[in-house]
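Keeping their order, the protein sequence lines are chains A and B.
Take the first sequence: its letters are residues 0 to 339, numbered as in numbering that gives the first Met the number 0.
Take the second sequence: its letters are residues 0 to 339, numbered as in numbering that gives the first Met the number 0.
Wrong hints could be hidden among the right ones.
Said to hold, decoys possible - Below, in silico cross-link-like pairs of lysine-lysine (BS3-like), each with a Cα-Cα straight-line distance of 30 Å or less:
#1 K215/A to K122/A
#2 K36/B to K51/B
#3 K215/B to K215/A
#4 K126/B to K242/B
#5 K51/B to K215/A
#6 K242/A to K51/B
#7 K51/A to K215/B
#8 K242/B to K122/B
#9 K59/A to K36/A
#10 K59/B to K36/B
#11 K331/B to K215/B
#12 K51/A to K36/A
Claimed, not checked - With beta-carbon atoms standing in for the labels, derived distance ranges:
#13 T337/A to D44/B: 28 to 38 Å
#14 A49/A to N216/B: 18 to 28 Å
#15 R152/B to R306/A: 30 to 40 Å
#16 R171/A to T185/B: 53 to 63 Å
#17 A213/B to G72/A: 56 to 66 Å
#18 K36/B to T337/A: 37 to 47 Å
#19 D163/A to T185/B: 33 to 43 Å
#20 A49/A to A213/B: 49 to 59 Å
#21 P113/A to R152/B: 56 to 66 Å
#22 H134/B to P113/A: 51 to 61 Å
#23 A213/B to D163/A: 35 to 45 Å
#24 D163/A to P128/B: 56 to 66 Å
#25 R171/A to R133/B: 54 to 64 Å
#26 N314/B to D163/A: 23 to 33 Å
Claimed, not checked - Per the computed footprint, the stretches of chain A lying under chain B, defined by three or more beta-carbons under 8 Å from a beta-carbon of chain B, are:
#27 119–126
#28 227–236
Read the hints as simulated data drawn from the structure, not as lab findings.
Just so it is clear, the structure is predicted and the values come from calculations on it, not from any experiment.
Note that beta-carbon positions come from the ideal geometry of N, C-alpha and C, so glycine has one too.
Protein chains: 2
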Amino acid sequence: MSIVTIVGAGMMGSAMSFPLADNGHEIRLVGTPYDRKVIDRLRQDHFHPALKVTLPEAVKPCQIEELGTALQGTELLISGVPSFGIDWFAGQVLSQTPDSVPVLSLTKGLEDEPDGTLLPISKAYFKRPALASRHLSISSIGGPCISYELCARRHTTVALCGDDLGQLEQLRTILQTPYYHIRTTTDSMGIECAVAMKNAYAVGVSLAIGISEAHKNEDDTHWYNPQAALFGQAMSEMMRLIKLLGGQPQSVIYAASDLYVTIIGGRNRQLGLLLGEGLSFAEAQQRLAGVTLESISIITRAARALRLRRDASINDFPLLRHLDEIINRQAKLNIPWTEF
Amino acid sequence: MSIVTIVGAGMMGSAMSFPLADNGHEIRLVGTPYDRKVIDRLRQDHFHPALKVTLPEAVKPCQIEELGTALQGTELLISGVPSFGIDWFAGQVLSQTPDSVPVLSLTKGLEDEPDGTLLPISKAYFKRPALASRHLSISSIGGPCISYELCARRHTTVALCGDDLGQLEQLRTILQTPYYHIRTTTDSMGIECAVAMKNAYAVGVSLAIGISEAHKNEDDTHWYNPQAALFGQAMSEMMRLIKLLGGQPQSVIYAASDLYVTIIGGRNRQLGLLLGEGLSFAEAQQRLAGVTLESISIITRAARALRLRRDASINDFPLLRHLDEIINRQAKLNIPWTEF
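Okay, chain A solo, but in the shape it has when bound (with noise of 0.2 Å):
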């Protein structure tokens, strides 16, 4: 039995204490100052009101103010910020944590820097000055899995990467139950990238299933080619980018999967669909205004920076690149096909 600190009580990171309940930890869930309200309705009955299930009782909700507080003692920090909070949580959390508590990064993304260089948000985090000197070990988590489904306890199967394999089995037996199937991996970059452009390429490939939408009065079959195509295009331009930034190829096979999910069942399929009926970004945002879309942050990111690169062209990334050009440059959608 450990005691597991959870930073952010988003969807993640509130599901992450399922699995960790049912391995008898004991776990403090603190709220970011956008989770406020969500800690208030914990506290009250432990009902989450985004994921609408009730909190194992093993939970501890608390505000940041808090933080100190629910830091003492704890065995493992896991980050459930999204990645435009981790300038926050280095600043605001792990300058409070000892290097001796391993950090767990629950954080979907990809930095880009000013020469092109992509990186995980693991690696990201020691580019903030005041962490580079720190020897924090910090992990991150990858794969498919859809959090309320966590919670129902359905079988999934996710990759559990960092830089020391021990660290990473110490910590596959403090989250794996029988439903949480865990694979430990070194390949950091590989399933970082992996985990963060699926969402980019969920939005290509649902573009197809808002084509098909917008054609259902004349035709009423489904596109299931079209999606295919944009899928092994997907695949073919992530396992592509893996290798330029130094990861092993078959991390490829979590992009798959997460691919796969994130289509059939997440929020950036959203916009996909939107853009594929022929809305304009700007309409499909303001359609979906109040989501939270990583999918918009990643296509900026990644092409930005293989705009920029020596060792690439963004001409290799055909669907990267259209999905840039919707986004960031008010282009129409036009799939490239000839280019695949």
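Once you've looked at the hints, dock chain B against the given chain A.
Relative to chain A, chain B alone:
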């Protein structure tokens, strides 16, 4: 303009007439003995009863007795027979085809030999004594392509594979259209393994869809996580098998897109669904009577080969092994999650 002879008037063989007709070729569509009624109907009004579309005017439907005439002057022979028809195709068709006529096989499958060797169909032909000393050029085509969507001229991207890149480029010129996108590769082993195995693994992933259907009354949410975990395991096992057989790992891209389209829109999904709902294989087979399922044969053959091989263990392919146990050993559904 070329003369192209297609043998096999099933759905995929017949659908190939669309890109060929759009490119201005003369098409002779020869039915196998099973296709007699289809050819009769096509002769009447060009309507294909299984595809439910009218084939292009450039198609000349021929009964099998007219094969000799249909092969006269042909510049490309396409085989649209299913995997159990390749002996027939070798004996009745290839025996009277000159080596100078390129052959394109649409057949999906792997053939297993007594020592556990698994051969792609394009190579298995040369194991027939009558063809062993011939110099036929047999290429094949794989990748996601649902036949009726090809007739609707929807975009798709497929892989054309064979030994001679120059020959493949010629075939591409004959077949490629603004909607039928073709990539060429010499990795026949990888592509043919991928497109054969995806039929097996589509059954595997669909098990989770069936399980979710069976639980619909007590829980109306989808089981996306288990589907995705099975998708990842399928990818992992397909990549392992491709490598084992000497194919190129990047051909797993086609396995991914082809698996995706087969799960969302193919026939083999039905078997997985019924097994996932708890039916025995015998019951599921009865329910699906009349539907040709390549999956049953490929699961049986691949598992049989892997049990025989010395350079691999069937336990490295736990999902495939379990599918084989259900189909050939009366096992009950019990997904081996902890072995993934």
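Checklist entry - Looking back at the numbered hints, which does the structure fail to meet, lowest number first? => result 1, 6, 16, 17, 20, 21, 27
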